[in-house]
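As you go down the protein sequences, you meet chains A and B in turn. What the first sequence shows, in the working numbering, is residues 1 to 143, in sequence order. What the second sequence shows, in the working numbering, is residues 144 to 361, in sequence order.
If you are wondering where the hints come from, they were derived from the structure by calculation, not from laboratory data. Just so it is clear, the structure is predicted and the values come from calculations on it, not from any experiment. One or more of the hints may lead you astray.
To be verified - Per label pair, the in silico range of CB-to-CB distance:
hint	chain 1	residue 1	chain 2	residue 2	range
1	B	A266	A	L42	35 to 41 angstroms
2	A	G128	B	S353	53 to 59 angstroms
3	A	H55	B	K289	52 to 58 angstroms
4	B	P196	A	H55	37 to 43 angstroms
5	B	T244	A	L42	45 to 51 angstroms
6	A	R35	B	Y204	50 to 56 angstroms
7	A	S38	B	P338	47 to 53 angstroms
8	B	P196	A	S38	38 to 44 angstroms
9	B	K269	A	K143	30 to 36 angstroms
10	A	H55	B	T176	46 to 52 angstroms
Ideal placement from N, C-alpha and C gives every residue a C-beta, glycine not left out.
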Amino acid sequence: MKLKIIGSISIILFVLTVTGMFTSCQSDEEIEFKRYYSSGSLVYQTKCQNCHGTHGEGLLRLIPPLTDSNYLKINKKSLACIVKYGLRGEINIKNKIFQEKMPPTGLAPIEIANVLTYVTNSFGNKSGTITNQQVEEDLAGCK
Amino acid sequence: MKKLAGAIAVILLWNACKFNSEKKTLPIYGNRTPITKVVNGQTTTDTIYQTIPAFKFIDQYGDSINNKNLDGKIYVADFFFTTCPSICPIMQRNMLDVYNTFKNTNDVKILSYTIDPKHDSVAVLKKYADKLGITGNSWWFLQGKKDDTYRLAEKNYLVAVKPDSTVAGGYIHQGYFVLIDKKSRIRGAYDGTKPDEVKQLIADIKTLKSEPDQPAVK
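Excised from the complex, chain A in its bound form:
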């Protein structure tokens, strides 16, 4: 009887350990994403949050929100250029026109990759990792 109990307990422990091992192991991509995302949240706090808000909500008709997943998707290739060099002229975000000038941030490519990964996967957006390599390619094509 005692043996049976000990036996079943050890089986349960074994099963728990094995499942624990499996779930704690993440794929390389997941780890990379988390690294980009968490660094990006720090860049966001210091460089973007004052204007775009804690939740990417923007500021009324003055500063656009970062919650327009569709805009971010369509303009994915030019996001790096916008972050680095700023933005002038009109843009249409969620059917509202914004005309204010966004100043250049002067961030390094890796910081841009971090912050873009953060923004495009926060505030209701979900588009995966934007890598350093991707950002460098996009920056080469800035107009």
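Got chain A; can you put chain B on it based on the hints?
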């Protein structure tokens, strides 16, 4: 055990009530000078507090605003410029809370002085106010001579502003919201970039509103 907990709760509640019933008054800031007068053979000493001097600026509607428009009004003053990329958006976001709390109250105003009057013309200020959804006459965006604005900021509102080509936007300025009472005296300064301090400002404006009117010291 239950009785003990009950007793503690009662004591805590009682203390809380006692604490709340104490009437809070706000300090008066700035320089003060005592003046001694002899009235009917009695020597009395009064204190003259630092007040905001006469000024004249133009608001976002192109109307002239001077200190007479603020007689008997409580107001909050801050300094900003429309192209400010650093702390202004967060200040305006917080000031909007103040605006929305008091916009239907006649005796509370907000004055935002631009420190870049060359760029921030009346038209630019009007557009800016529109984009923030500001209507009516409770939040004025004021434009005046640069020297007047800077002097007012530093000497009177005790807020530091100055041009600096090394910082983003070209100016450094402190993000203080300065609270002025109905007698033009400074009653508080709050970091406009911190939501908690702005909450305190809103509470303090309510305290000021309930303050009995004191005779003006001339």
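A quick look at each hint next to the structure:
1. A266/B to L42/A: 35 to 41 angstroms: For L42/A against A266/B, whose Cβ atoms are near 39 angstroms apart, the range 35 to 41 angstroms holds.
2. G128/A to S353/B: 53 to 59 angstroms: At 55 angstroms between Cβs, range holds.
3. H55/A to K289/B: 52 to 58 angstroms: violated, 36 angstroms
4. P196/B to H55/A: 37 to 43 angstroms: Holds: the Cβ-Cβ distance is about 42 angstroms, inside 37 to 43 angstroms.
5. T244/B to L42/A: 45 to 51 angstroms: For T244/B and L42/A the Cβ distance comes to about 33 angstroms; the hint is violated.
6. R35/A to Y204/B: 50 to 56 angstroms: holds, 52 angstroms
7. S38/A to P338/B: 47 to 53 angstroms: violated, 24 angstroms
8. P196/B to S38/A: 38 to 44 angstroms: 51 angstroms Cβ-Cβ, so the 38 to 44 angstroms window is violated.
9. K269/B to K143/A: 30 to 36 angstroms: With a Cβ separation near 32 angstroms, K269/B and K143/A satisfy 30 to 36 angstroms, so the hint holds.
10. H55/A to T176/B: 46 to 52 angstroms: With Cβ atoms ~49 angstroms apart, the hint holds.
Hint violations for this structure: numbers 3, 5, 7 and 8, all remaining hints satisfied.
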